[in-house]
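Student: Kindly generate the complete structure, drawing on both the sequences and the hints.
Protein chains in written order, with the numbering used here: chain A, 1 to 124; chain B, 1 to 301.
Do not rely on the hints blindly, as some may be mistaken.
One-sided excerpt, in silico: chain B residues whose CB lies under 7 angstroms from chain A [stated by the list, open to error]:
| hint | residue |
| --- | --- |
| 1 | Leu28 |
| 2 | Gly35 |
| 3 | Trp39 |
| 4 | Asp74 |
| 5 | Ala75 |
| 6 | His154 |
| 7 | Thr223 |
| 8 | Gly230 |
| 9 | Leu295 |
Honestly, the hints are just simulated from the structure, not real lab data. Don't be surprised by glycine CBs; every beta carbon is placed ideally from N, CA and C.
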Amino acid sequence: MREQWHQLVQAAAQADSFRGREAVLEEILALVEAWDSEGTPATGRCNARRPVLHRAVARRLAAELEVQLGRLAADLTQPARAVEAPVHAMLARSGHVLSTFLGYRAAVRLSQAALRLTGSLSKR
Amino acid sequence: MTWRTQPAAVRWIGGVTASHLLAGGIALAVWVATGSLLWILNYLRYAGAAFVVGLALAEALLSVRAFLGFSRGDALRPAWLLISVAASARLVGFVLAEIFSPGPGLTGPRFIAQPAPWLPLSTLHRAGLALAGPVALLLLSPALALVGRAYDRHGLSGELRVTDWLALGVASFLMVNDTWDGIRWTLAREAPLDLYRALGFVVDPLLLVLLFQALTLRRAAQTMAGGLIGRCWSAYSAAVFLTVLGCLGQWAVNYGYLPRPVVIPTWFVWFLVSAAFAMGPAYQLEALHRVRRGLLPSSGT
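Tutor: Here it is in structure tokens:
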């Protein structure tokens, strides 16, 4: 998981500007989605609740990103609310910024916490 | 972010600084009311020295802990390494300068090397001032450049506004005068250009570069306004700005350009510089601690 995240961050880092990373972020989003779904049982009930639970964690993650990134968090979290998996989208959008200013380990820790929370909620 | 929701370390630094400034205000009031210099001189010599050394110690410890939060290959790891070394230089410098200090006198405390000292100072005291001043600033400048580059890479770099350029212009004018006065003083006394005096001459141009970096960083940090990371770099930006103010105050005292009542507040600026330098890594460390605590509701928002 660590190696995979490292590759994601590296991929995002290669883009020149914030806007230029959008294309890379789409790829990251797909990868993170696949990563998260590995350990989650795909029962019908869980799948039905999944978007709601994702949004609950997404709200908590958005609040945390606001504490860390202030005004910038609005740009990184607002568009994510419109998509199906907002947690993953937020992590993809904020991962590179967090990795730069808080370090790779901290970025991984935050993403792991968000994904773990998402996974545990889905199993209830 | 209100005072109660500020990180504990920041509240501690803010509280200690406010108490210290209050004590200074009382000492100043006693001087004005009674004409007795005892309180204000003891305040600057003992309480001032303890405060500056104590906060430099806190700054160094917090900076090193923030540095340890980064892994090899992280973009800002070199920046935090430089900041940690600069903070250590400030700590060692202040300890040396205060232990071997001849006392503050009525020219106020000395916290930075200058080309034209007005008192005969011991070599160790001058070495301390050089370490805490130009050496620490020389380390801080590339660190801020790396941070500015990081903001730039994210498309978050800040554009300087008219007021920023105006501040730079005024500071440049005053700094050139400061340097010129230093040169005149040196030539008039035929003072040899030793290492510490040479480092004293470096301070002004270096501060101008740092002021430019600080203003740019402040604008960039505003893109993260309200967040812990933005506050961290805003604190460093404020520390540099206050250092420039303190240096200009010291220059005005040394050469008698301003009456004493106007200059006295600049003595207290140095304590705010120490507080701002300590708050920078405190915000960074709090950001790292929050991530470590995870996203459970108990971590609060």
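Student: Identify every previously stated hint that the structure contradicts and give their numbers, smallest first.
Tutor: Violated: hints 1, 2, 3.
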